[in-house]
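In case you want the letters, here they are:
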Amino acid sequence: MTETFSTLPEELQLATSAHVKYIQSLDTRKDQYEYWLTEHLRLNGLYWGLTALHLLGHPEALPRAETIDFVLSCQHESGGFGAAPGHDAHMLSTVSAVQILALIDAFDELETRGRGKAQVGTYISNLQNRQTGTFAGDEWGEEDTRFLYGAFNALSLLGLLHLVEVDKAVDHIVACANFDGGYGVMPGAESHAGQIFTCVAALTIAGRKDLVDVERLGRWLSERQVAGGGLNGRPEKKEDVCYSWWVLSSLEMIGKTHWIDRDQLIAFILGCQDNERGGISDRPGDTVDVWHTVFGLAGLSLLEYPGLQPVDEVYCLPKSTIERVLRR
Amino acid sequence: MPPKGKAAPKPKGPDTTKPSSSSLTAAAQPASSTATNNTTPPATINERSQRRVDECQPYEAARQKAGLSGLSQAEQFGWVSARFARSDAAARSRLGPKSQRELWRHVNDASLPVRVLKKKLVSNPWGVDRNGRDVGSYSPAQFDDRAAKRITLTVLAAASQAFRDRRERTKRIALEDQQNPDVVTDSEVQEEHERRREMATLRKELYGDKMPGKLAQDPEWDDVVPIPHEEPEGSLAAISYPEDYAEAISYLRAVMQNKEYSPRCLRLTEYIIGMNSSHYTVWLFRASIVIALKLPFVDELAWLNKVALEHLKNYQIWHHRHLLVENYYPSIAGSPEAVASFAAQEQAFLSDILEQDTKNYHVWSYRSYLVGKLGLWDSAAELAAIEAMIKDDVRNNSAWSHRFYLVFSNPAHSTAGTAATEPDPAAPTPIVDREVQYAQDKIHLAPQNQSPWNYLRGVLVKGGRKLGSVEPFVADFVRHLGVDDKEDVISTHALDLLAEIYAEKGDKEKADLALRRLGEKWDRIRIGYWEWRRKCLESPAAAAGGTEAGVAAAVAA
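Keeping their order, the protein sequence lines are chains E and V.
When we follow full-length UniProt numbering, the leftmost residue of the first sequence carries the number 1, and every step to the right adds one.
When we follow full-length UniProt numbering, the leftmost residue of the second sequence carries the number 1, and every step to the right adds one.
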């Protein structure tokens, strides 16, 4: 199956070098309106871009030393990281920071030049509501299963999962399960592929995948594939490349990736590329952005598209990174 | 200096040269005064200056043209006399007293200028305007206009300083004597604000000065020192802002650091949200202000509603609403009427906004939160609202999902802790019946719509019913299964459910047929799933360990 892709027309091949150039150009786009509007995503954006580069097999394309400098400059005394220097600490940017440091193997620098792993662990664990098991994004208390997953992700990479009440958190995830097999952002909320990913991944990290109704969920996930081959996030919604990650990684975690038509999905993702300027968009013909780029590539990696590094379905980092970090 | 006793003659202006009695001087009218355009006004300031220079040195222009020997004797005499009159006493003392007296008589009679305007050797002696143009090239009218502007600016600056001084004084006095009623009024502040705007405009016009930021110009913000963004040198992900936004954020940093919760800060948050509604921190700060100042909750909600309708994809808005409700609810919790009234208000707004964006995930999540918070489980209005949405769009999965929650998570008839996909003995039979019927009715409207099929199945499971209890209904959507030319599947979801029903009954053959046809024809894209279901029929254990390779082999077979 894989060899047929090289015989496809150019637009259905992976434009690797264009994507690398696109990601490298991102920090130079300071004059673009969208750039300053998304300041609160700066560190997250760096994680997306860097992961994409690693999956493309070009980890050197962004300078390692500057990356570490930037990441550490976002850290607060509390141990948490803000989205950009001067921004308040938040769970999501903290998780991105940990993921980036794991990716470029810089936990040592975190110890020597940053506030150290333990402090980061403390920051994260302090965000858990010990009564409900849920996690807030910051001291303001907005709760969302994304934060729960983020906490598990970062803590397990740091080897500090024991700092939090795992069981209580697991109970909360179970409370977010719905009749259709999916999971929502909170109990009662509609099943949504993004939330499903966070819940299933969190359960996986906690070693409690047994709590998932695999058949129901798998069925619901396989229904995300629409006629054009792309995946949507909920019934009767439009397909979007980022669901190539949320849906596919969830299927991978429950061992049902083959419930999706791979060839059609690959063709869809490749059709969302901008072959000349690089980057991937949500749908063919739309404007590209780094978010859809990393998730499109991660999806292709899960589908074993040739030339990409294998991605870990739980952490959305290269498998090699996870092996290195978790084996230590 | 002329010899004592004689007053030093004042140099006369160019056009006030009186006709003189002296024949020498009469003939010696300065050449330049009859030259070209003394009657026409100068076109530019530079020209005017040049004329004045020339008028102070009456014979100079001619001498430069023709040389001293080219002048008439009277002109030569005039030129020399003017030189002597201008030089110092030591030079004149070479003339002897009688000659000096004659000199001065001549100077007086001929009204020779004693002082001279030096032609400025500096280029652009009047300066340049904001376009880099020499102000000396302005016409006199333009120049006067410019001068008038400068005077206006000076006057305004003085008034602005007076305002600041007054404000300082009243502040000081207020500290010492709190009874003193003298305060700077709003209209004074308003006046000052306009004054500053005018000054900024003038400065820009005159000197090309950059307009200061809106907040820097606002007298209300004078006491705040904004904190500019600091970007480490050559940083990897450097940020650059449009100016208004950058200024507003720098003020935000300052007031957030001081934890100032005030009306002006509330206005600042609104201003920033207007420029970037997804700025995370500004929403949180606004919430603190509303709570700290105990602002009327209804006002804040009314404002929020407006913003929500303008920024449909923004989720901070909904978290803000959540914070407000959490904060407000304790004050109405004791009164069922107040809760009902608030619920009705919220339901009205939710209907409005869902009309704009029917499947907005944040709105629906907030709605489910509200149901739990305000106890709307038995609210007929809530159920009716959801039914209306499904009626409008039977494919709205969010509405279906909310309905399930509303009906089956009602604490009055559900068992806490029951898993989502497991039966709940507390689910009342009439309700289960009703929901089954409802789902079936909606399926008829759009048989290939996934939501009511998921719903139907979910209801049956929740109610502990056999899937087979709806077999006649389901079978209606599949005709002549397995019969070559006649097979007609109106809904693949029906065929899927039918396969389950057959399996439930123990009819493996029919179940397998249904699943095979789904993979072969009716839903080929999901063949991986259908094949796995077929394996399940053989032995559930084998299916549990189903691998991709195994399925691929089955597909290829």
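Everything labelled a hint here was simulated from the structure, so no lab data went into it.
For clarity, every value in this text was computed on a predicted model and none was experimentally measured.
You may find that some hints are simply not true.
[Stated by the list, open to error] Think about it this way: if two alpha-carbon atoms lie no more than 20 Å apart in a straight line, the pair counts; the simulated EDC-like pairs of lysine to aspartate or glutamate are:
hint, chain 1, residue 1, chain 2, residue 2
1, V, Lys508, V, Asp485
2, E, Lys238, V, Asp523
3, V, Lys391, E, Glu236
4, V, Lys259, E, Glu252
5, V, Lys373, E, Glu143
6, E, Lys237, V, Glu355
7, E, Lys21, E, Glu236
8, V, Lys505, V, Asp484
9, V, Lys373, V, Glu422
10, E, Lys319, E, Glu60
11, V, Lys521, E, Asp261
12, E, Lys238, V, Glu337
[As the list claims (entries may be wrong)] Reference listing, derived: stretches of chain V covered by chain E, where coverage requires no fewer than 3 residues with Cβ under 8 Å from a Cβ of chain E:
hint, segment
13, 55-61
14, 82-88
15, 395-406
16, 442-454
[Stated by the list, open to error] If you want the footprint, here are the derived chain E segments under chain V, 3+ residues with CB under 8 Å:
hint, segment
17, 81-95
18, 147-153
19, 211-223
20, 253-267
21, 304-318
From the three backbone atoms N, C-alpha and C, an ideal C-beta is built for every residue, glycine too.
These are the hints, each one checked on the structure:
1. V/Lys508 with V/Asp485: With a Cα-Cα distance of about 23 Å, the restraint between V/Lys508 and V/Asp485 is violated, given a limit of 20 Å.
2. E/Lys238 with V/Asp523: 19 Å, holds
3. V/Lys391 with E/Glu236: With a Cα-Cα distance of about 16 Å, the restraint between V/Lys391 and E/Glu236 holds, given a limit of 20 Å.
4. V/Lys259 with E/Glu252: Given that 20 Å is the threshold and the Cα spacing comes to 47 Å, the pair is violated.
5. V/Lys373 with E/Glu143: Satisfied, since the Cα-Cα distance of roughly 15 Å is no more than 20 Å.
6. E/Lys237 with V/Glu355: 16 Å, holds
7. E/Lys21 with E/Glu236: 35 Å, violated
8. V/Lys505 with V/Asp484: Status violated; Cα separation ~25 Å.
9. V/Lys373 with V/Glu422: With Cα atoms ~25 Å apart, V/Lys373 and V/Glu422 exceed 20 Å; violated.
10. E/Lys319 with E/Glu60: 17 Å, holds
11. V/Lys521 with E/Asp261: 14 Å, holds
12. E/Lys238 with V/Glu337: Not satisfied, since the Cα-Cα distance of roughly 42 Å exceeds 20 Å.
13. 55-61: Violated - the segment 55-61 of chain V has 0 residues with a Cβ nearer than 8 Å to chain E, which falls short of three.
14. 82-88: Result for this restraint: violated, n = 0.
15. 395-406: This one holds; 8 residues, not fewer than the three required, reach chain E with a Cβ under 8 Å.
16. 442-454: holds (count 4)
17. 81-95: holds (count 7)
18. 147-153: violated (count 0)
19. 211-223: The restraint on the segment 211-223 of chain E holds, since 7 of its residues have a Cβ under 8 Å from chain V and three suffice.
20. 253-267: Three-residue rule met by the segment 253-267 of chain E, so holds; n is 8.
21. 304-318: violated (count 0)
Consistency note: the structure conflicts with the earlier hints numbered 1, 4, 7, 8, 9, 12, 13, 14, 18, 21.
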